[in-house]
Amino acid sequence: MALQLETEPKHAEEDAPSPRRTGAQLLWEALVREGVEVVFGYPGGAIMPAYDAMPAYPIRHVLVRHEQGASHMADGYARASGKVGVAVATSGPGATNLVTGIATAMLDSSPVVCITGQVASPGLGTDAFQEIDTTGITLPITKHNYLVTKAADIPATIREAFHVARSGRPGPVLVDITKDAQQAAVESVQLSPPHRPRNGKRRSVRTEMLDKAAELIDGAKRPVILAGHGVMMAGATRALRELAERSDIPVAQTLLGLGGFPATHPLSLGMMGMHGEAWVNFAVQQSDLLVALGMRFDDRVTGNTKTFAVGAKKIHAEIDPSEIDKTVKVDVALVGDVAVTLEELLSRVKPRDRGPWRKHIAGLKGEAAVRDIVSLPDDGRLYAAHVMHDLWRLTKGNALVVTDVGQHQMWEAQYYRHDHPRKLITSGGLGTMGFALPAAMGARFAFPDDEIWVIAGDGGFQMTAAELSTCAQEGLKLNVAVINNGYLGMVRQWQQFFYGGRYIATPLKSPDFVKLAEAHGLCGLRVDRRADLPNAVEKARAERGTVIIDFRVEAEDSVYPMVPAAADLHDMIRRPSPIEETPYDS
Amino acid sequence: MTPERTSHTFIVLVEDLPGALNRVVSLFRRRVVNIDSLTVGRTERSGVSRITLVVRADANAARLLEANLYKLVDVIEVRDVTAEPVVVREMAFVKLGAQFRGEVMQMCDVFRARVVDLGPASITVESTGSQDKIDGLIEALKPFGIVELVRTGAVAIARGPISPEVQT
Ligand SMILES: Cc1ncc(C[n+]2csc(CCOP(=O)(O)OP(=O)(O)O)c2C)c(N)n1
Ligand SMILES: [Mg+2]
Numbered sequence: 061m062a063l064q065l066e067t068e069p070k071h072a073e074e075d076a077p078s079p080r081r082t083g084a085q086l087l088w089e090a091l092v093r094e095g096v097e098v099v100f101g102y103p104g105g106a107i108m109p110a111y112d113a114m115p116a117y118p119i120r121h122v123l124v125r126h127e128q129g130a131s132h133m134a135d136g137y138a139r140a141s142g143k144v145g146v147a148v149a150t151s152g153p154g155a156t157n158l159v160t161g162i163a164t165a166m167l168d169s170s171p172v173v174c175i176t177g178q179v180a181s182p183g184l185g186t187d188a189f190q191e192i193d194t195t196g197i198t199l200p201i202t203k204h205n206y207l208v209t210k211a212a213d214i215p216a217t218i219r220e221a222f223h224v225a226r227s228g229r230p231g232p233v234l235v236d237i238t239k240d241a242q243q244a245a246v247e248s249v250q251l252s253p254p255h256r257p258r259n260g261k262r263r264s265v266r267t268e269m270l271d272k273a274a275e276l277i278d279g280a281k282r283p284v285i286l287a288g289h290g291v292m293m294a295g296a297t298r299a300l301r302e303l304a305e306r307s308d309i310p311v312a313q314t315l316l317g318l319g320g321f322p323a324t325h326p327l328s329l330g331m332m333g334m335h336g337e338a339w340v341n342f343a344v345q346q347s348d349l350l351v352a353l354g355m356r357f358d359d360r361v362t363g364n365t366k367t368f369a370v371g372a373k374k375i376h377a378e379i380d381p382s383e384i385d386k387t388v389k390v391d392v393a394l395v396g397d398v399a400v401t402l403e404e405l406l407s408r409v410k411p412r413d414r415g416p417w418r419k420h421i422a423g424l425k426g427e428a429a430v431r432d433i434v435s436l437p438d439d440g441r442l443y444a445a446h447v448m449h450d451l452w453r454l455t456k457g458n459a460l461v462v463t464d465v466g467q468h469q470m471w472e473a474q475y476y477r478h479d480h481p482r483k484l485i486t487s488g489g490l491g492t493m494g495f496a497l498p499a500a501m502g503a504r505f506a507f508p509d510d511e512i513w514v515i516a517g518d519g520g521f522q523m524t525a526a527e528l529s530t531c532a533q534e535g536l537k538l539n540v541a542v543i544n545n546g547y548l549g550m551v552r553q554w555q556q557f558f559y560g561g562r563y564i565a566t567p568l569k570s571p572d573f574v575k576l577a578e579a580h581g582l583c584g585l586r587v588d589r590r591a592d593l594p595n596a597v598e599k600a601r602a603e604r605g606t607v608i609i610d611f612r613v614e615a616e617d618s619v620y621p622m623v624p625a626a627a628d629l630h631d632m633i634r635r636p637s638p639i640e641e642t643p644y645d646s
Numbered sequence: 341m342t343p344e345r346t347s348h349t350f351i352v353l354v355e356d357l358p359g360a361l362n363r364v365v366s367l368f369r370r371r372v373v374n375i376d377s378l379t380v381g382r383t384e385r386s387g388v389s390r391i392t393l394v395v396r397a398d399a400n401a402a403r404l405l406e407a408n409l410y411k412l413v414d415v416i417e418v419r420d421v422t423a424e425p426v427v428v429r430e431m432a433f434v435k436l437g438a439q440f441r442g443e444v445m446q447m448c449d450v451f452r453a454r455v456v457d458l459g460p461a462s463i464t465v466e467s468t469g470s471q472d473k474i475d476g477l478i479e480a481l482k483p484f485g486i487v488e489l490v491r492t493g494a495v496a497i498a499r500g501p502i503s504p505e506v507q508t
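Sequence order for the protein chains is A and B. Residue numbers for the first sequence follow this note's numbering, beginning at 61 and rising by one. Residue numbers for the second sequence follow this note's numbering, beginning at 341 and rising by one.
These aren't lab readings, by the way, just hints derived from the structure by calculation. Don't take each hint at face value.
To be verified - In silico contact screen, one side only, chain B against chain A (beta carbon under 7 Å); selected entries:
1. Ser366
2. Asn400
3. Leu404
4. Ala407
5. Asn408
6. Val413
By construction, the Cβ of each residue, glycine as well, lies at the ideal position given by its N, Cα and C atoms.
Using the sequences plus the hints, can you model the full thing?
Here you go:
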């Protein structure tokens, strides 16, 4: 490990046993009090007092290569651990570089606290060197943010920031601290418990609504549960399973909901939506009741909302009241913690057997499975879907997988079957390319011993590939699968389907990823035949440091099925069967 | 078949902190909702500001705006008082040239407005009332040459003993 914690502070102030502490010291004390073990950051002028004070505290600092990496790492740490992730940056460009990662955390409700340095308070609003309106810029992409100009305000603000980040519907919080506030020394300060959010905002689910929901569930003939991210965030996976089993209801999942219900469970349908399997979308469209849990009817999930499950009554259990009736009108809204709501429902619903509905869905599945690429014979070429399927098999479905954004992300969601919660980390709401590598690095700190696979496209990987040197410096072990198709594949796919096959600005020339790994002192491998995959995976797992495997996959393969944007959910482009562009040679 | 958009009046209690108003306004801007009027001021409680906000929106959009306002950490309480028994008032100053001062003063009598400034070249009228009443006064004064007009936007208070914060 390159970065060792100093046990003894080397500050001049140490000699004088004064109870006075600087704002910088109060900041680290406050972070320690919140249980922070690691922060991801990058120094600069306005945050230097904080950095100078840092070594005295038992917090590990990870020096990133770009502040976007810091915010993604904090996010990855938060998603993997369920705890608050922390990113640190300087003012001006340091703060603006955090923005993409903050927005990514916002859209996926991830609890992150960003600490930014700000110019000394007399310089605020003067266009001083590296002064920018950080709280203004981040206002719409944070759950809340703070500008702190006094040292004495730091402890209470940090406490409140953590409380806001993890309470209710979690989200990112930014604390901008002026340089003079970090430097000023103050007498010890009183810490009051966080007084916000105010109590008046708490609402509990009304009994009549729960009774109504249970009645709908008991009476439904063709119900489907739609399970989202909120199920995992609320720790409601066990309750979900009980409800599904007791009421015999098939479970469809959103992208971020994968893992909230075991993929190998007989009642699991898989992912729904734009790239959901055909049977899942058909089941949703043909249902007479949707039980939506901790999800928000995103447009990638519903397709055209006017034709979305029109024959179904809808129950929506969700912690955020502003999600109710936002895109899809529901019949029963259960606003509150999903875990609590599910327990209430469980005490009300009756055991059911919905054999005919399950058989009907099995029929839909059988028809679609013929087109499933995994069922197709191996023609010697390397398909991304095969890579995902084989990775799933070889890791026995137990790896923590962190995906980037694009075709590979959808193939992973389709073919890596997640049985456990918090084992898939991906940028859903913002769809941020470049997310995977840094997010996985953050997750590594939450799970020091788990097997972690990064699955990234050749495009997105290059957006944050600089963090490889952070991996090397920190001695982090990750397995990185670059799904190299030579294209910005998902955009190429849209060009193929909707823009007359004009591949404009999507062909991509990449560096030699094996050499790139080697340039970082890491191991690089290349796979271009399916037969070579198991060996490479074994080698990667055995290697102590981070390994990159360059998977040279079919260049112009597409993700099927696909519901075109805003089309009806049942109106899918299906995989040509057998794959017409790749005749099987025996 | 777009749902009908009507005028909605929100009372929003916020912490009296820098940025709180910005957050409230930003929420409307982001959703491309134009604010018809907005007033902010201190309240009977120190540290608490009160915003009265009037927008045009359909019923569901208004409900979502309310729910989103609730999510702001600085927001203490929100009420859409459109359908509730409330008194809504607005104040306006109207400045006119002095040549029709007799006629202007007559209009003031009719509309129960007050003259607050009178000089050789101008006359300034103050009026408090419902938005309709102020619209009426302005229409009536137009022929006499309005040179300057300022309106506060609406403030609202519930009738009876109950204030927004004690209701949950
Ligand atoms: C930061 C960012 N810029 C642009 C996009 C739009 N986009 C979505 S998928 C995609 C292509 C991704 O290409 P690659 O990383 O090679 O993955 P592939 O689809 O080929 O698997 C692009 C450009 C995005 N999601 N994020
Ligand atoms: Mg690609």
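Status of each hint after checking the structure:
{"no.": "1", "hint": "Ser366", "in the structure": "6 Å, holds"}
{"no.": "2", "hint": "Asn400", "in the structure": "6 Å, holds"}
{"no.": "3", "hint": "Leu404", "in the structure": "6 Å, holds"}
{"no.": "4", "hint": "Ala407", "in the structure": "4 Å, holds"}
{"no.": "5", "hint": "Asn408", "in the structure": "5 Å, holds"}
{"no.": "6", "hint": "Val413", "in the structure": "4 Å, holds"}
The earlier numbered hints are all upheld by this structure, with none contradicted.
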